[in-house]
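Please build the complex by placing chain B on the supplied structure of chain A, with the hints as guidance.
Protein chains: 2
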Amino acid sequence: MSVMTRRNAFYAQSGGVSAVINASACGVLQTVRQHSDRIAKVYAGRNGIIGALTEDLIDTSSESEFAIAALKYTPGAAFGSCRYKLGSLHEHRAQYERLIEVFRAYDVGYFFYNGGGDSQDTAHKVSQISAELGEPIVCIGIPKTVDNDLAITDCSPGFGSAAKYLATSLREAAFDLAAMSRSSTQVFVLEVMGRHAGWTTAACALAAEREGDAPHVLLMPEVVFSEDRFLAKVNHAFRRSGNCVIAASEGIKSPDGQFLSAGAQDAFGHAQLGGVAPIITNLIGDKLGLKCHWAVPDYLQRSARHIASETDVEQAYAVGRAAVEFAIGGRTAVMAAIRRISDTPYRWDIVEAPLSAVANQEKLLPPDFISADGFGITEAARRYLAPLIVGESYPPFRDGLPDYVKLRNAIVPRKLSNTFAV
Amino acid sequence: MSVMTRRNAFYAQSGGVSAVINASACGVLQTVRQHSDRIAKVYAGRNGIIGALTEDLIDTSSESEFAIAALKYTPGAAFGSCRYKLGSLHEHRAQYERLIEVFRAYDVGYFFYNGGGDSQDTAHKVSQISAELGEPIVCIGIPKTVDNDLAITDCSPGFGSAAKYLATSLREAAFDLAAMSRSSTQVFVLEVMGRHAGWTTAACALAAEREGDAPHVLLMPEVVFSEDRFLAKVNHAFRRSGNCVIAASEGIKSPDGQFLSAGAQDAFGHAQLGGVAPIITNLIGDKLGLKCHWAVPDYLQRSARHIASETDVEQAYAVGRAAVEFAIGGRTAVMAAIRRISDTPYRWDIVEAPLSAVANQEKLLPPDFISADGFGITEAARRYLAPLIVGESYPPFRDGLPDYVKLRNAIVPRKLSNTFAV
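Protein chains in written order, with my numbering: chain A, 1 to 422; chain B, 423 to 844.
Honestly, I wouldn't trust all of these hints.
One side of the interface only, derived from the structure: several residues of chain A facing chain B at Cβ under 8 Å [what the hints assert, rightly or not]: (1) R83; (2) D298; (3) Y404.
Honestly, the hints are just simulated from the structure, not real lab data.
Remember, predicted model here, so these are calculated numbers, not experimental data.
Where is the CB? At the ideal position from N, CA and C, for every residue including glycine.
With the rest of the complex left out, here is chain A (with noise of 0.2 Å):
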């Protein structure tokens, strides 16, 4: 029998949070803590990656049981978040080497990268090179996106959440204009983040439990914006209804492929979206004379932690838990991904995705989830969303406020005489 050796890790939440990514945290930290013969201390990366680039270290094991147990009810995410994505190996190979050299002065075995399409392809670039430099560091990907749209993985913990306030707060809404429009607003716009997937879009259909019920009209991004059927189906809908709600994405484009709210660019190259809500408004106000109201939920809809789904945060906890299990036991450049077993009940459990095929891929809704006409999903799209949004999983309250926690996050002393510029 080989000795084990026991080494770091480093652990790092990358790109837009989410309501549970925290929960993949503590099932990093909490499955380390019982790993502690295989894994000494797990460093995380102040504000991501950008913490390791820049030797800015967390120690994790300063921190209470309480306080990493709390992680699996806080939004947010608790060591700092980036948009900032490393290049390619051939033209950004600096990056990568300092990575491998903050890692290598930190005894860092193990890389968990939790994130998006960007994410896994950095761990996926992480472990050739380190593989390459004769280092090789044990890399595994943790899937995290609001948007669902990472492959291979069923779906994406923060996407169940998200969907589960969308349809909540669309219900609600909906109830609203129903009381409203005899005298008043008589058509409601929801506009739901989603750069190219409209899965968050696509969730709000959920809200409806009859025919005929709110929403009316889905625009998801995966159908191109015509003017025309859209006002003839909010007139039709209104016309039968006595009041029309619609889902809009903010990346829903007009035939000549532009969005129709332009906007500026992140830091990954991805347009900066927002303010679809009040330009459909105004069109349906110009072409069709009814009052509108409109809403931008933005941040809200991927940090309501305090409406979470059950089974979001359990799939959440259960790839941290996974991608540690997955480090020990010999695993590396795979994804935690969950697998679905079954709709009815739902069943899934968590396998492993090659980063590989996981890297920079973006999993659109499939033709035979939107309806004929592109403005509603299948009855295979309900089937698929349904079992995403269920159960409640309420954070503490103190005061009437959800009693989040914040970390301690203590700094650890430099090692590096050198610096690194991000």
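Here is chain B on its own, set in the frame of chain A:
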């Protein structure tokens, strides 16, 4: 002992709805059912007072006990509400005579009107004209407004739940922002409803537990917006905390008295607002060069029954119950008002307030609730606000979503031959 006359009641919901106005309806209907010796049926106006004017009545006696009980956890207005203000007695006497005509036709001896300041004014006028016409009708007001701007009553049902939703959402978004601000969004602006009164915006401050916590800046309509002072405040907060969270009322005005976001008018002649957040955001981006996100929850904040304040739900129910008890106790021309007995422990009861004193009043934030710099609240405000959001009152969930009730809302066959246009 006098023989009590058994007559019918009319109940209507008015104005913008809330998470708990149906809890007041529940209080009315359950209490009436306990006093069936005095009140036979409760007719509800479909879409508020419009239902009375147009003889479009709902027979609430056809609703099951279960459905009535479910109103306590269902947002919106179960019978429909309206934005329809009856004019002055002098100029619009026909409207009031029509109400009396309809009430006479249905043997309505009790008028319960559930709404804001305008509605209390209507109830007051109905009381006056019914006496004048020799057909006295017992008129009782039931308070409701998320804006919390009703006079006399210590707070208004609907406000506590909106406050809890806003403070919770802001705290969650602040966790999100804090995680991202190193490399992405630096400022977050939450736009809050509230036409003239800053109660809802002030309530956002409850999200802060310690000095320096979000929100860092409040923009309340009671304080004239000064661009220079605002930008200096944001810059200071950002330099100190590394990010800045702002809660901005839709009703903030520039020094010339104009709403920052000008817009159309609603049926009551009130300005129709919305869209302050993007304006504030653009200003900060242009002048301070900070990257901003903004959210406009709009109807979500007043219909978020899933995160209602238990205190608010209980008060909403209590004013509905008290309204019936006042009526059968021989009181008229009063509103059921909440009286605060103590802050800590929070104790309250229900008292009568004369409709004449409540009608058309608007209670703004008192000066001693606003901090010296105008961008925050005082300890006095915090003592007032804190108990109103305490307690959770979750609705039942089914398939992952709140299981709200839709009433049968059975039509009552019309008795009158003439119609009335609204």
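Hint-by-hint comparison with the structure:
no.	hint	result
1	R83	4 Å, holds
2	D298	4 Å, holds
3	Y404	6 Å, holds
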